[in-house]
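**Student:** Sequence:
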Amino acid sequence: MPQLINSKGFYGDFGGAWIPEMLHANIEELARAYAGILETDGFKKDFSNLLRDYAGRPTPLFYARRLSGHTGAKIYLKREDLCHTGSHKLNNVAGQILLARRMNKKHIIAETGAGQHGVATATVCALMDLPCTVFMGEKDVARQEPNVMRMKMLGAKVITVTSGTRTLKDATNEAIRHWINNPSDTHYLIGSTIGPHPYPDLVARLQSVISEEIKQQLRQKENRDFPDYLLACVGGGSNAAGTFYHYIDDARVKLVGAEAAGEGTGTGKTAATIATGSPGIIHGCRTLLMQDSDGQITGAHSISAGLDYPGIGPLHAHLHKTGRATYLAITDKEAMQAAHLLTRLEGIIPALESAHALAALEKLDFKNSDIVIVNLSGRGDKDMESYMESMAHRE
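With this note's numbering, letter number 212 in the sequence shown gets 212, and the count goes up by one each step, no holes.
These are calculated hints, taken from the structure and not from any lab test.
A portion of the hints provided could be inaccurate.
[Unchecked claim] Okay, derived cross-link-like pairs now, EDC-like style, lysine to aspartate or glutamate, Cα gap no bigger than 16 angstroms in a straight line: (1) Lys152 to Asp129; (2) Lys254 to Asp370; (3) Lys333 to Asp370.
Everything numeric in this text was worked out from a predicted model, so none of it was measured.
Taking the hints into account, I'd like the entire structure generated from these sequences.
**Tutor:** Given below as C-alpha coordinates:
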(Lines of atoms letter the chains of each structure in order from A and count residues from 1; the text may use other names and numbers.)
(Lines give C-alpha, C1' and ligand atoms only; values in the text may rest on other atoms or scores of the structure.)
Protein backbone atom coordinates (compact mmCIF):
# COMPACT_ATOMS: atom_id res chain seq x y z
CA MET A 1 0.00 0.00 0.00
CA PRO A 2 1.21 3.56 -0.65
CA GLN A 3 2.52 5.47 2.36
CA LEU A 4 0.44 8.63 2.32
CA ILE A 5 0.84 10.03 5.85
CA ASN A 6 3.72 10.84 8.16
CA SER A 7 4.14 9.50 11.69
CA LYS A 8 1.84 12.18 13.14
CA GLY A 9 -0.96 11.53 10.69
CA PHE A 10 -0.40 14.44 8.33
CA TYR A 11 -0.92 14.50 4.58
CA GLY A 12 1.38 17.43 3.90
CA ASP A 13 -0.20 20.37 5.75
CA PHE A 14 -3.43 18.56 6.61
CA GLY A 15 -4.44 15.96 9.18
CA GLY A 16 -3.14 15.31 12.67
CA ALA A 17 -5.13 14.84 15.88
CA TRP A 18 -6.65 18.02 17.34
CA ILE A 19 -8.70 16.63 20.19
CA PRO A 20 -9.83 17.31 23.78
CA GLU A 21 -7.52 15.99 26.48
CA MET A 22 -10.18 13.49 27.55
CA LEU A 23 -9.96 11.73 24.18
CA HIS A 24 -6.17 11.44 24.03
CA ALA A 25 -6.10 8.00 25.64
CA ASN A 26 -8.69 6.63 23.19
CA ILE A 27 -6.99 8.07 20.14
CA GLU A 28 -3.53 6.99 21.25
CA GLU A 29 -4.79 3.47 21.91
CA LEU A 30 -6.33 3.28 18.45
CA ALA A 31 -3.27 4.82 16.75
CA ARG A 32 -0.97 2.31 18.42
CA ALA A 33 -3.16 -0.66 17.57
CA TYR A 34 -4.69 -0.17 14.13
CA ALA A 35 -1.73 -0.47 11.76
CA GLY A 36 -0.37 -3.59 13.40
CA ILE A 37 -3.77 -5.28 13.53
CA LEU A 38 -4.57 -4.48 9.90
CA GLU A 39 -1.33 -6.12 8.77
CA THR A 40 -1.80 -9.41 10.65
CA ASP A 41 -2.64 -12.52 8.66
CA GLY A 42 -5.60 -13.22 10.93
CA PHE A 43 -7.20 -9.82 10.34
CA LYS A 44 -6.58 -9.98 6.59
CA LYS A 45 -8.19 -13.40 6.38
CA ASP A 46 -11.23 -12.42 8.45
CA PHE A 47 -11.67 -9.14 6.55
CA SER A 48 -11.37 -10.83 3.16
CA ASN A 49 -13.84 -13.55 4.13
CA LEU A 50 -16.35 -11.02 5.45
CA LEU A 51 -16.12 -8.89 2.32
CA ARG A 52 -16.52 -11.90 0.05
CA ASP A 53 -19.14 -14.00 1.84
CA TYR A 54 -21.17 -11.29 3.62
CA ALA A 55 -20.72 -8.04 1.69
CA GLY A 56 -20.76 -9.71 -1.73
CA ARG A 57 -17.42 -8.51 -3.04
CA PRO A 58 -15.97 -8.04 -5.55
CA THR A 59 -18.57 -5.60 -6.82
CA PRO A 60 -18.92 -5.58 -10.63
CA LEU A 61 -17.18 -3.19 -13.00
CA PHE A 62 -19.99 -2.53 -15.47
CA TYR A 63 -19.50 -1.15 -18.98
CA ALA A 64 -22.22 1.48 -19.43
CA ARG A 65 -22.72 1.26 -23.19
CA ARG A 66 -25.44 3.87 -23.67
CA LEU A 67 -23.90 6.31 -21.18
CA SER A 68 -20.61 5.89 -23.06
CA GLY A 69 -22.34 6.82 -26.32
CA HIS A 70 -23.81 9.89 -24.68
CA THR A 71 -20.51 10.97 -23.09
CA GLY A 72 -18.05 10.21 -25.88
CA ALA A 73 -15.71 7.99 -23.88
CA LYS A 74 -15.67 4.43 -22.56
CA ILE A 75 -17.53 4.66 -19.24
CA TYR A 76 -17.38 1.95 -16.59
CA LEU A 77 -19.36 2.03 -13.35
CA LYS A 78 -17.85 0.52 -10.21
CA ARG A 79 -21.03 -0.94 -8.74
CA GLU A 80 -20.65 -0.23 -5.00
CA ASP A 81 -24.44 0.12 -4.99
CA LEU A 82 -24.56 -3.68 -5.22
CA CYS A 83 -22.58 -4.14 -2.01
CA HIS A 84 -24.68 -5.45 0.91
CA THR A 85 -26.62 -2.58 2.57
CA GLY A 86 -26.53 -0.60 -0.67
CA SER A 87 -23.26 1.35 -0.65
CA HIS A 88 -19.50 1.30 -0.17
CA LYS A 89 -19.97 1.96 3.56
CA LEU A 90 -19.90 -1.72 4.50
CA ASN A 91 -16.23 -2.01 3.45
CA ASN A 92 -15.13 0.31 6.24
CA VAL A 93 -17.48 -0.90 8.96
CA ALA A 94 -16.61 -4.55 8.32
CA GLY A 95 -12.95 -3.74 8.92
CA GLN A 96 -13.57 -1.49 11.91
CA ILE A 97 -15.86 -3.99 13.67
CA LEU A 98 -13.12 -6.61 13.41
CA LEU A 99 -10.65 -4.06 14.76
CA ALA A 100 -12.97 -3.13 17.64
CA ARG A 101 -13.39 -6.76 18.65
CA ARG A 102 -9.63 -7.28 18.67
CA MET A 103 -9.36 -4.21 20.91
CA ASN A 104 -12.01 -5.68 23.24
CA LYS A 105 -14.51 -2.85 22.77
CA LYS A 106 -18.04 -3.62 23.95
CA HIS A 107 -20.13 -0.81 22.46
CA ILE A 108 -20.16 0.83 19.02
CA ILE A 109 -21.21 4.40 18.25
CA ALA A 110 -21.43 6.06 14.85
CA GLU A 111 -22.60 9.22 13.11
CA THR A 112 -24.56 9.23 9.87
CA GLY A 113 -25.93 11.72 7.35
CA ALA A 114 -27.58 9.90 4.46
CA GLY A 115 -28.05 6.93 6.76
CA GLN A 116 -25.98 4.48 4.72
CA HIS A 117 -23.12 4.45 7.22
CA GLY A 118 -25.59 4.09 10.07
CA VAL A 119 -27.28 1.15 8.36
CA ALA A 120 -23.95 -0.51 7.60
CA THR A 121 -22.79 -0.04 11.22
CA ALA A 122 -26.07 -1.39 12.61
CA THR A 123 -25.75 -4.35 10.24
CA VAL A 124 -22.32 -5.48 11.40
CA CYS A 125 -23.24 -4.85 15.03
CA ALA A 126 -26.20 -7.18 14.61
CA LEU A 127 -23.89 -9.71 12.96
CA MET A 128 -21.31 -9.47 15.74
CA ASP A 129 -23.83 -9.12 18.61
CA LEU A 130 -22.57 -5.71 19.77
CA PRO A 131 -24.81 -2.86 20.99
CA CYS A 132 -24.94 0.08 18.58
CA THR A 133 -25.88 3.75 18.96
CA VAL A 134 -26.18 5.97 15.88
CA PHE A 135 -26.34 9.78 15.99
CA MET A 136 -28.25 11.46 13.15
CA GLY A 137 -29.30 15.04 12.57
CA GLU A 138 -33.03 15.81 12.79
CA LYS A 139 -33.07 17.14 9.22
CA ASP A 140 -31.49 13.94 7.92
CA VAL A 141 -33.83 11.75 9.99
CA ALA A 142 -36.76 13.40 8.19
CA ARG A 143 -35.35 13.04 4.67
CA GLN A 144 -33.89 9.55 5.15
CA GLU A 145 -36.72 7.84 7.03
CA PRO A 146 -36.31 4.43 5.31
CA ASN A 147 -32.72 4.19 6.55
CA VAL A 148 -33.76 5.20 10.06
CA MET A 149 -36.26 2.34 10.07
CA ARG A 150 -33.63 -0.08 8.81
CA MET A 151 -31.26 0.89 11.62
CA LYS A 152 -33.96 0.39 14.23
CA MET A 153 -34.98 -2.94 12.72
CA LEU A 154 -31.34 -4.05 13.00
CA GLY A 155 -31.39 -3.24 16.71
CA ALA A 156 -29.54 0.09 16.75
CA LYS A 157 -30.51 2.96 19.00
CA VAL A 158 -30.93 6.06 16.81
CA ILE A 159 -30.43 9.38 18.60
CA THR A 160 -31.92 12.40 16.81
CA VAL A 161 -29.67 15.48 17.06
CA THR A 162 -31.54 18.78 17.23
CA SER A 163 -28.61 21.19 17.68
CA GLY A 164 -27.00 23.42 15.04
CA THR A 165 -27.95 22.71 11.45
CA ARG A 166 -29.35 19.29 12.49
CA THR A 167 -27.23 17.51 9.86
CA LEU A 168 -24.06 15.42 9.68
CA LYS A 169 -21.77 17.98 11.33
CA ASP A 170 -23.95 18.09 14.41
CA ALA A 171 -24.39 14.31 14.53
CA THR A 172 -20.60 14.02 14.58
CA ASN A 173 -20.37 16.57 17.40
CA GLU A 174 -22.80 14.54 19.52
CA ALA A 175 -21.03 11.27 18.79
CA ILE A 176 -17.74 12.78 19.96
CA ARG A 177 -19.38 14.08 23.14
CA HIS A 178 -20.75 10.64 23.87
CA TRP A 179 -17.32 9.09 23.33
CA ILE A 180 -15.75 11.57 25.77
CA ASN A 181 -18.25 10.46 28.41
CA ASN A 182 -17.83 6.73 27.67
CA PRO A 183 -14.15 6.37 26.77
CA SER A 184 -13.06 2.97 28.02
CA ASP A 185 -15.31 0.36 26.39
CA THR A 186 -16.61 2.27 23.34
CA HIS A 187 -15.33 2.32 19.77
CA TYR A 188 -16.35 5.30 17.66
CA LEU A 189 -16.82 3.88 14.18
CA ILE A 190 -16.30 6.97 12.00
CA GLY A 191 -17.80 6.64 8.54
CA SER A 192 -15.51 8.78 6.41
CA THR A 193 -11.92 9.90 5.93
CA ILE A 194 -12.38 12.67 8.47
CA GLY A 195 -11.58 13.04 12.16
CA PRO A 196 -8.36 12.82 14.17
CA HIS A 197 -5.52 10.53 13.14
CA PRO A 198 -5.67 7.56 12.66
CA TYR A 199 -9.23 7.68 11.29
CA PRO A 200 -8.55 9.23 7.86
CA ASP A 201 -5.84 6.66 7.16
CA LEU A 202 -7.77 3.78 8.73
CA VAL A 203 -10.90 4.42 6.67
CA ALA A 204 -8.96 5.01 3.43
CA ARG A 205 -7.07 1.74 3.85
CA LEU A 206 -10.24 -0.23 4.49
CA GLN A 207 -11.96 1.39 1.49
CA SER A 208 -8.93 0.79 -0.76
CA VAL A 209 -10.44 -2.57 -1.67
CA ILE A 210 -12.34 -0.54 -4.30
CA SER A 211 -9.23 0.52 -6.26
CA GLU A 212 -7.62 -2.88 -5.65
CA GLU A 213 -10.55 -4.55 -7.39
CA ILE A 214 -10.58 -1.96 -10.19
CA LYS A 215 -6.97 -2.89 -11.06
CA GLN A 216 -7.84 -6.58 -11.28
CA GLN A 217 -11.07 -6.02 -13.21
CA LEU A 218 -9.49 -3.68 -15.76
CA ARG A 219 -6.80 -6.27 -16.52
CA GLN A 220 -9.56 -8.68 -17.49
CA LYS A 221 -11.65 -6.19 -19.45
CA GLU A 222 -9.08 -3.87 -21.04
CA ASN A 223 -5.73 -5.67 -20.82
CA ARG A 224 -4.37 -2.88 -18.61
CA ASP A 225 -4.77 -2.14 -14.92
CA PHE A 226 -5.32 1.63 -15.00
CA PRO A 227 -8.02 3.95 -16.41
CA ASP A 228 -7.49 7.42 -17.85
CA TYR A 229 -9.94 8.98 -15.37
CA LEU A 230 -11.36 8.05 -11.97
CA LEU A 231 -14.45 9.93 -10.76
CA ALA A 232 -16.06 9.82 -7.32
CA CYS A 233 -18.26 12.06 -5.19
CA VAL A 234 -16.71 13.72 -2.13
CA GLY A 235 -18.30 14.68 1.18
CA GLY A 236 -15.92 13.60 3.89
CA GLY A 237 -14.33 11.58 1.15
CA SER A 238 -14.31 7.83 1.90
CA ASN A 239 -15.57 6.41 -1.39
CA ALA A 240 -13.28 8.74 -3.32
CA ALA A 241 -10.32 7.79 -1.12
CA GLY A 242 -10.99 4.13 -1.78
CA THR A 243 -11.36 4.74 -5.52
CA PHE A 244 -8.17 6.82 -5.77
CA TYR A 245 -6.01 4.93 -3.26
CA HIS A 246 -3.92 2.60 -5.41
CA TYR A 247 -3.63 5.19 -8.19
CA ILE A 248 -2.44 8.20 -6.21
CA ASP A 249 1.16 7.59 -7.26
CA ASP A 250 0.19 6.79 -10.88
CA ALA A 251 0.42 10.00 -12.90
CA ARG A 252 -1.24 8.32 -15.90
CA VAL A 253 -4.58 8.45 -14.06
CA LYS A 254 -6.54 11.70 -13.66
CA LEU A 255 -8.34 11.82 -10.30
CA VAL A 256 -11.60 13.80 -10.20
CA GLY A 257 -13.73 14.43 -7.14
CA ALA A 258 -17.26 15.84 -7.33
CA GLU A 259 -18.34 17.93 -4.35
CA ALA A 260 -21.79 19.27 -3.63
CA ALA A 261 -22.30 22.88 -4.75
CA GLY A 262 -25.91 22.88 -3.50
CA GLU A 263 -27.67 25.86 -5.04
CA GLY A 264 -24.33 27.26 -6.25
CA THR A 265 -20.94 28.14 -4.77
CA GLY A 266 -21.83 31.82 -4.52
CA THR A 267 -25.26 31.43 -2.96
CA GLY A 268 -24.36 30.63 0.64
CA LYS A 269 -26.32 27.37 0.26
CA THR A 270 -23.49 25.03 -0.68
CA ALA A 271 -21.29 22.22 0.61
CA ALA A 272 -18.45 22.82 -1.87
CA THR A 273 -15.58 22.93 0.61
CA ILE A 274 -12.75 22.84 -1.94
CA ALA A 275 -14.31 25.68 -3.91
CA THR A 276 -15.23 27.92 -0.97
CA GLY A 277 -13.31 26.71 2.10
CA SER A 278 -10.07 27.60 3.85
CA PRO A 279 -7.71 25.78 6.27
CA GLY A 280 -8.95 25.20 9.80
CA ILE A 281 -9.81 22.58 12.39
CA ILE A 282 -12.97 20.48 12.25
CA HIS A 283 -13.78 17.28 14.12
CA GLY A 284 -10.22 16.61 15.19
CA CYS A 285 -8.19 17.30 12.07
CA ARG A 286 -6.69 20.23 10.17
CA THR A 287 -8.22 20.40 6.75
CA LEU A 288 -10.24 22.67 4.46
CA LEU A 289 -13.62 23.76 5.80
CA MET A 290 -16.28 26.36 5.27
CA GLN A 291 -15.97 29.09 7.89
CA ASP A 292 -16.65 32.78 8.38
CA SER A 293 -14.11 35.54 9.01
CA ASP A 294 -14.11 34.71 12.73
CA GLY A 295 -13.32 31.06 12.10
CA GLN A 296 -16.84 29.87 12.93
CA ILE A 297 -17.97 26.89 10.87
CA THR A 298 -20.78 27.84 8.49
CA GLY A 299 -23.77 25.69 7.58
CA ALA A 300 -23.58 23.41 4.57
CA HIS A 301 -26.37 22.69 2.10
CA SER A 302 -26.87 19.89 -0.39
CA ILE A 303 -29.82 17.95 -1.71
CA SER A 304 -27.69 14.93 -0.82
CA ALA A 305 -27.58 14.17 2.93
CA GLY A 306 -24.29 12.29 2.60
CA LEU A 307 -22.48 15.30 1.07
CA ASP A 308 -24.08 17.91 3.34
CA TYR A 309 -20.90 18.56 5.36
CA PRO A 310 -18.87 21.79 5.76
CA GLY A 311 -15.46 20.11 5.60
CA ILE A 312 -13.49 17.54 3.63
CA GLY A 313 -11.07 14.80 4.63
CA PRO A 314 -7.41 15.87 4.95
CA LEU A 315 -6.32 13.47 2.20
CA HIS A 316 -8.50 15.33 -0.28
CA ALA A 317 -7.35 18.73 0.99
CA HIS A 318 -3.80 17.54 0.32
CA LEU A 319 -4.59 16.12 -3.14
CA HIS A 320 -6.21 19.44 -4.04
CA LYS A 321 -3.36 21.59 -2.74
CA THR A 322 -0.72 19.52 -4.55
CA GLY A 323 -2.76 19.44 -7.76
CA ARG A 324 -2.85 15.65 -7.83
CA ALA A 325 -6.65 15.62 -7.97
CA THR A 326 -9.24 17.96 -9.46
CA TYR A 327 -12.43 18.75 -7.57
CA LEU A 328 -15.52 19.96 -9.42
CA ALA A 329 -18.51 21.66 -7.79
CA ILE A 330 -21.82 20.05 -8.83
CA THR A 331 -25.14 21.75 -8.11
CA ASP A 332 -28.28 20.02 -6.83
CA LYS A 333 -29.88 20.53 -10.24
CA GLU A 334 -26.93 19.04 -12.13
CA ALA A 335 -26.86 15.99 -9.82
CA MET A 336 -30.58 15.42 -10.25
CA GLN A 337 -30.30 15.65 -14.04
CA ALA A 338 -27.43 13.14 -14.03
CA ALA A 339 -29.43 10.73 -11.87
CA HIS A 340 -32.38 10.78 -14.27
CA LEU A 341 -30.03 10.35 -17.24
CA LEU A 342 -28.37 7.24 -15.81
CA THR A 343 -31.73 5.78 -14.86
CA ARG A 344 -33.12 6.16 -18.37
CA LEU A 345 -29.94 5.10 -20.20
CA GLU A 346 -28.77 2.17 -18.06
CA GLY A 347 -31.68 1.16 -15.81
CA ILE A 348 -29.75 2.06 -12.65
CA ILE A 349 -31.12 4.49 -10.05
CA PRO A 350 -28.10 5.98 -8.25
CA ALA A 351 -27.87 7.53 -4.81
CA LEU A 352 -27.95 11.31 -4.96
CA GLU A 353 -24.36 11.29 -3.68
CA SER A 354 -23.23 9.17 -6.64
CA ALA A 355 -25.22 11.36 -9.02
CA HIS A 356 -22.77 14.18 -8.30
CA ALA A 357 -19.93 12.05 -9.70
CA LEU A 358 -22.03 11.20 -12.75
CA ALA A 359 -22.73 14.90 -13.33
CA ALA A 360 -18.98 15.57 -13.44
CA LEU A 361 -18.86 13.63 -16.73
CA GLU A 362 -20.53 16.61 -18.41
CA LYS A 363 -17.77 18.97 -17.24
CA LEU A 364 -14.79 17.07 -18.65
CA ASP A 365 -13.44 16.82 -22.21
CA PHE A 366 -12.79 13.20 -23.12
CA LYS A 367 -11.23 11.49 -26.10
CA ASN A 368 -13.16 8.59 -27.61
CA SER A 369 -10.39 6.24 -26.49
CA ASP A 370 -10.45 7.35 -22.83
CA ILE A 371 -11.35 4.75 -20.23
CA VAL A 372 -13.33 6.44 -17.46
CA ILE A 373 -14.47 4.82 -14.21
CA VAL A 374 -17.20 6.38 -12.09
CA ASN A 375 -17.63 5.00 -8.60
CA LEU A 376 -21.35 4.41 -8.20
CA SER A 377 -21.06 4.63 -4.42
CA GLY A 378 -24.68 3.85 -3.50
CA ARG A 379 -28.15 3.04 -4.76
CA GLY A 380 -31.04 5.44 -4.92
CA ASP A 381 -33.71 3.63 -2.90
CA LYS A 382 -33.13 5.97 0.06
CA ASP A 383 -33.61 9.05 -2.15
CA MET A 384 -36.93 8.14 -3.77
CA GLU A 385 -38.81 10.94 -2.04
CA SER A 386 -36.40 13.51 -3.52
CA TYR A 387 -36.64 11.84 -6.92
CA MET A 388 -40.43 11.82 -6.81
CA GLU A 389 -40.46 15.53 -5.99
CA SER A 390 -38.15 16.28 -8.91
CA MET A 391 -40.29 14.22 -11.27
CA ALA A 392 -43.40 16.08 -10.15
CA HIS A 393 -41.69 19.37 -11.00
CA ARG A 394 -40.57 18.04 -14.40
CA GLU A 395 -44.08 16.94 -15.42
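**Student:** Each hint needs a verdict: does it hold in this structure or not?
**Tutor:** Each hint, compared with the structure:
| no. | hint | result |
| --- | --- | --- |
| 1 | Lys152 to Asp129 | 15 angstroms, holds |
| 2 | Lys254 to Asp370 | 11 angstroms, holds |
| 3 | Lys333 to Asp370 | 27 angstroms, violated |
The structure fails hint 3 only (numbered hints given earlier).
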